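All residue numbers for the sequence shown refer to the numbering used here, where the first residue is 1 and numbers rise by one.
A few of these clues could be false.
As the list claims (entries may be wrong) - Calculated cross-link-like contacts (lysine to aspartate or glutamate; reagent style DMTMM-like; alpha-carbon spacing at most 25 angstroms):
#1 K281 - D138
#2 K364 - E94
#3 K204 - D244
#4 K200 - D169
#5 K200 - D119
For the record, the hints were derived by calculation from the structure and aren't laboratory data. Here the structure is a predicted model, which is why all the values come from computation and not from measurement.
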Amino acid sequence: MRKIAITVFSLLAGFTTMAQDSKSPLSFSGYLDSYYSYNFNNPADNSNGGLTGTARAFDLKSNQFSLGLVQTKAQYATEKTNAVIDLTFGPNAELGQYGSKVGSSVIIKQAYFDWKATDKLTFTAGQFGTHIGYEVIDAPINYHYSLSNLFNNGPFYHVGVKANYAISDKLSIMAGLVNNVDQLNDDNDSPGLIAQVYAKPNDKLSLYLNGIYSNEANGNTTTGKTPDANYALLDLVMNYQATDKFLIGLNAATGSQRGEYQTVSAGDTAKSWGGAALYLKYDFKPTYSIGARIENFDNTNGVRGLGPARVTSITLTPTFTVGNGHLLLKPEFRMDSFNKDFFTDGDGKATKSQITATWAMIYKF
1 MRKIAITVFS LLAGFTTMAQ DSKSPLSFSG YLDSYYSYNF NNPADNSNGG LTGTARAFDL
61 KSNQFSLGLV QTKAQYATEK TNAVIDLTFG PNAELGQYGS KVGSSVIIKQ AYFDWKATDK
121 LTFTAGQFGT HIGYEVIDAP INYHYSLSNL FNNGPFYHVG VKANYAISDK LSIMAGLVNN
181 VDQLNDDNDS PGLIAQVYAK PNDKLSLYLN GIYSNEANGN TTTGKTPDAN YALLDLVMNY
241 QATDKFLIGL NAATGSQRGE YQTVSAGDTA KSWGGAALYL KYDFKPTYSI GARIENFDNT
301 NGVRGLGPAR VTSITLTPTF TVGNGHLLLK PEFRMDSFNK DFFTDGDGKA TKSQITATWA
361 MIYKF
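Given these sequences and hints, build the entire structure.
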């Protein structure tokens, strides 16, 4: 793995030199992040993950300095085509690509190409980030450093093909076929279906209706047949630019699962989960903003990785942009409150909630 990383960085360094020509179709970008998280419960295992280890997506370590993720992204764009190689390294990369831990595959966050067949129709093939959800793996893009439970319990990426058709500049549709969720290789011979409808009714409002339907069961290697199972998720994302400085966002999702999902069975009866998150962001000036997230996530049926529980999370994050726009400083305050004991303190006493204060540093280029 060390030799692979050295080779990758050497190649990207060469690409960067080529991309310095303003007329070059090649561009290079990336980021790296680190954080210090203080957990007021002072858990003995120094973890923000709770009893199941899944109360947080990536910011799992507490009361210590931690490395998040290093991204190196190369893009080659022409009038009709576009290719992206998005490689990531570090603890959060391993968590984000948990279904691709086969040799060097774990460092591939995205590797895809686009073909613009017409002015309205674009085809994409390869491994690409999911269309579902409000938040993404890339830390510089999100308002908050810690990620929502909706993100943590939804898809991260897909391998497959998709087509996007722009009906107008205010309406487009997407549909595709993919392998099973968050997996490099499919577990069976039944591809999943993905879809999206994008609408922009006016200059202030944008809407995304996203969906996925898939059979996530492992195929029977003896008979070659795929067991009867299904995984479905419907997701709504909204952005409303109320003023030049004030943005309101919404993410709501509902899902169901029947049968097997990545070796874990939900049983013969479909079980549901869902949640909603409200996002508020105010830009005081280009270098200073503050964001709030209020989220409720219900997994009382226990079919997602969070475990059988319901949680309300409140997050407040100011963002300071310094270093000519390259460095983002995010002091974050977050409270997670469950409907049952989900955490422990330093004495091993069970508790329903936790509060964390995190200092996150993100350098983008």
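Structure-based check of all given hints:
Restraint check for K281 and D138: satisfied, since their Cα atoms lie roughly 18 angstroms apart, inside the 25 angstroms limit. Note on K364 and E94: the hinted pairing holds, with a Cα-Cα distance of about 20 angstroms set against a maximum of 25 angstroms. Distance restraint check for K204 and D244: the Cα-Cα separation of roughly 10 angstroms lies within the 25 angstroms cut-off, and the hinted pair is therefore satisfied. Pair hint K200 plus D169 holds up; C-alpha atoms about 8 angstroms apart against a cutoff of 25 angstroms.
Between K200 and D119 the CA atoms are separated by roughly 19 angstroms; this keeps the pair inside 25 angstroms, and the hint holds.
Of the hints listed earlier, there is not a single one the structure fails to meet.
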